[in-house]
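Going line by line, the protein sequences match chains A and B.
Counting in our numbering, the first sequence runs from 1 upward without gaps.
Counting in our numbering, the second sequence runs from 255 upward without gaps.
Hints were generated in silico from the structure; no laboratory data involved.
Any given hint could turn out to be false.
To be verified - Result set (DSSO-like, lysine-lysine): computed pairs, CA atoms no more than 30 Å apart in a straight line:
#1 B:426 x B:406
#2 B:525 x A:65
#3 A:152 x B:593
#4 A:152 x B:525
#5 B:593 x A:151
#6 A:64 x B:525
#7 A:102 x A:86
#8 B:431 x B:400
#9 A:184 x B:358
As the list claims (entries may be wrong) - Taking beta-carbon pairs under 10 Å as the criterion, some of the chain B residues facing chain A (in silico):
#10 351
#11 495
#12 496
#13 516
#14 570
The structure presented is a predicted model; accordingly, all values stated were derived computationally and were not measured.
Backbone N, C-alpha and C fix where the C-beta goes; we use that ideal spot for every residue, glycine too.
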Amino acid sequence: MNDNKRETASFQERRKILVVATRQFFSPDSMDYSIHLAERLDYDLLAMNVCPEGSGKTGSRKSKKFVQQFRRKASRRGIGFSHAVKFGDLGAAVEELNHEVKRIEFVVADSGVYTEAVAREVTIPMFSVVSNSFKEKGGKDMATEQILTKKKPVGQTIGYGLLTVGMYAAVFLNADSVMTYFTKGGWYGALPVATVFLFSFAHGAFASNLWSLLGIEAMKKDALRQTEKKVVEKRKKAAKKPRAYAYVNPFHRL
Amino acid sequence: MHEVSQEIIQFIDLNVLSIGFLFLVGFIGGLVSGFIGSGGAFVLTPGMMSLGVPGTVAVASNMCHKFPKALVGAFKRYKYGQVDIKLGLVMAASAGVGVQIGIKIQQWILAKWGQAGSDLYVSLSFVVILVVVGGYVFLDAMRSSKSGGNEKVSALARKLQSINLPPMIHFKRANLKISLWFTIPVGFATGMLAATIAVGGFIGVPGMIYVVGASSLVASATELVIAFVMGFGGSINWAMHGMVDIRLTLIILAGSLLGVQLGAIGTTYVKENMIKIVMATIMLIVAVSRGLAVPRYLNQLGIINVSAATIDILAKVSFISMCIALLVGATIILGSMWKASRASREEYRLEEGYAKT
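Just chain A, with the same shape it has in the complex (with noise of 0.2 Å):
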């Protein structure tokens, strides 16, 4: 607790997204949702884990986990980030943190929770975040980030990788006449540079398709969202600008 209240002072003067939960973890649903907003929108995010009164079993390696990877995710943005846990009514403990931490802007509920129950007491907004897992009858999917399961490269691969093997044979089993004619120099210099641009395709080819067909390959998290880190970093730039103001003489004409 004592850690929590150390993070949330340091972060005390931004503008916050409140992220709740009634069970012991967040959905991934609404980890992402919030993540990006508060990418898009330059806030920081509160987790906050609300649980029944004398359940007494938050800190369980799992929760811990969850919690870690939220921190984990939001850190890698550059999101500031805090947790905290509260037990008992939902709408109380909504209510009490407004109190505690100042500048919550509004509430991201994870899906399961019974928004009715705190929109009585709190006048903060607040969205549901309804996760594929907990698909209600008549509830919407949130588009999540797909985990897209691409056709692996063999033929590819093994196309590429006969022609350089083909290619390397060919030299080197004329490895004598192609010494003689490769280092004549002069117009024949043409000859290695252009013999290497063609190594460069085909091999170039073939090792990055069999990187891919053993499953390494660019993690591509960033480049989804190019377009908003820059219009943020635009809107952070323009926000320091300082601001002209028109000085208006009250007693003018007067």
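Given chain A, put chain B in place with the hints provided.
Coordinates of chain B only, in the frame set by chain A:
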């Protein structure tokens, strides 16, 4: 001389051991240069020479493998949106001029103090530049890793960007606007260093980060464009003199094209700060390695007196520590990639586990 070296090229044996060595160094060098934009050349050239390849052929064959490697790496990183082609071309053009001046200085020193004097000049500039620049990059990387690993644009770069000295150039990918007059010296210094110590990237990448103000991700990716342009020009020159041993080039290329792509993929796994850490570590170890070579040249010039046995040992230690520099760099890259991918796998597993509850 020309004819003699050709005779030697044709008769060096390519046994399994030397092929394996070149392939492996090619792979590791490729991995490092895919990640930090340059590297590998400083081990490959002396490595080939220790296999009995004459110096000029080693330099020529190395350069001829460098530009296709840089091309493949730059293409891969361009797909990740990290390459600023305009910045690369501006830098490469000014680096081309730098190379010419660098060669002139080398020739002047060679004429005045002979081979040993020239070697001493190369080693000393290696040590001084790598210690100063590498040390600064290392300190900066440590500082920013303490504050969470997020990069800030240096004060110098911000100051230079704010000076409106036409022609101002807007570099879209690097997301900055700076006067042409401030980018030219950086490119020029890169070229001069490339002509002197054969690894221009050690000044080009920090220059683009701290003087121009690009992020280390963009700077290291753009360095690959510079390496391609300069390597291409250099290779044509060497090839026209008939100095390229295509067999050596192709063996190294076999390893380095695999490595450079892995290194490029690696940049998407780690925080940008990691690029600085790897670069600084390699630079500092290489500086030590070159420092060990200094006594030999001082001895040749008759300034100090060291026994032949000591010099022999120092030369061996120097080469081994160069290899260590490359290995340490590769280990850091692979280690941090493995850590990042394990973390993301765990996240995925947690979400899977969640879906089942």
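Original post:
In ascending order, which of the hints set out earlier in this document are inconsistent with the structure?
Top reply: The structure breaks hints 10 and 14; every other hint is satisfied.
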